[in-house]
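> Chain residues, written in single-letter form:
2 protein chains.
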Amino acid sequence: MRIVIPLFDGFTALDAVGPYEILHMLPDADVTFAAAEPGTITDGAGSLRLVATASFADVTEADILLVPGGPGSIRGTTDGALLDWIRRIHPTTTWTTSVCTGSLLLAAAGLLTGIEATTHWSAVDTLESYGARYTARRVVEQPGRIITAAGVSAGIDMALRLAELIAGRTAAEAFQLAIEYDPQPPFDAGSYAKAPQAAKDYLAARH
Amino acid sequence: MRIVIPLFDGFTALDAVGPYEILHMLPDADVTFAAAEPGTITDGAGSLRLVATASFADVTEADILLVPGGPGSIRGTTDGALLDWIRRIHPTTTWTTSVCTGSLLLAAAGLLTGIEATTHWSAVDTLESYGARYTARRVVEQPGRIITAAGVSAGIDMALRLAELIAGRTAAEAFQLAIEYDPQPPFDAGSYAKAPQAAKDYLAARH
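Protein sequences appear in the order of chains A and B. Under the working numbering, residues 103 to 309 are what the first sequence spells out, in order. Under the working numbering, residues 103 to 309 are what the second sequence spells out, in order.
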């Protein structure tokens, strides 16, 4: 079970690490973080560095491709080499997946044209501009083999569903227990529909 | 707002990255990943490497100390240098915090004696063996300045509460919205009390 997670400068760390923490528990999981060149890749917030141990050229196939988002994924939509690599890997996968604005990379690579997908709430228009049909669910599973997750933390929910599809419900429940994923957020502001206007204004003022 | 996250071989990546993804949004946040020596630190699953940019010797104070757990934190309870460093940093902090079995490090350093704390469900007896009073809540906040979170994913909930304490509720809600933390786990197996026996048996058979 080869799991490949591409990294690029400006990725969002939790997009990658949330699902990673589930998927590495799959039977015979072999996780590779890959990038244009092996080495240290800095996240979108600028304080975290993950190591890519393989180059995109080294990775020619995957059972699961998991594409994270982040500010760098917006820039990535014009990175021809990255998009070409995604187009090369996709035909080899059992599951091609994304978290957050990672779906913009799948879309820019032409994989989401005419199909249902999701993304971070702030990137809906951009996703649709590539011809994907935005669907306001946390995890959007296509009958084919593409699964997209909403913003950042939604990757954890997606990974649990993916674990169920691959290893069965008991395994997925075991992984949920292993990471003690019994979420109890102290507020109910995690979706654009539910967040108070003041929280939206706060975020807008940061940018 | 200096936020310091110690790393050690065998840490659990989500313990660190979940809270990181919230706390780096705090006003004037300055996040440092530190380790015994600067360099690449491998997680407990063995496939992920995070970069520590500072050594413990370089870091002499923190506003927030956030100690992750993982298999390495169990070994860390006998690492005198790590425990001494935690004892040196604690008097300088506004908040000393842990996620998952990171609380065993705080406990082994003597910081939890006689006070309420939590940890991963599998480490309750060990936590209590250090004289802490285990409390079955997801986030345990001491009147002093110590906050401990339950297993792995609980660090996200803890970080939102910490953000509220530091920057106010609207800011914390904005951070929740930014990471679209509107959890929808596909199963209800995230706590030991609720997980089916088959999931517990599956985990036990892995070890």
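Hints are supplied without guarantee of correctness; some may be wrong.
What the simulated footprint calls covered on chain B by chain A, stretch by stretch (three residues with Cβ under 8 Å from a Cβ of chain A suffice, anywhere in the stretch; the number is not a length) [stated by the list, open to error]:
1. 111 to 117
2. 141 to 155
3. 248 to 260
4. 267 to 276
Bear in mind the hints are in silico, worked out from the structure with no lab data behind them. C-beta atoms are modelled at their ideal positions from N, C-alpha and C, and glycine is treated no differently.
> Starting from the hint list further up, note which numbers the structure goes against and sort them upward.
The structure breaks none of the hints.
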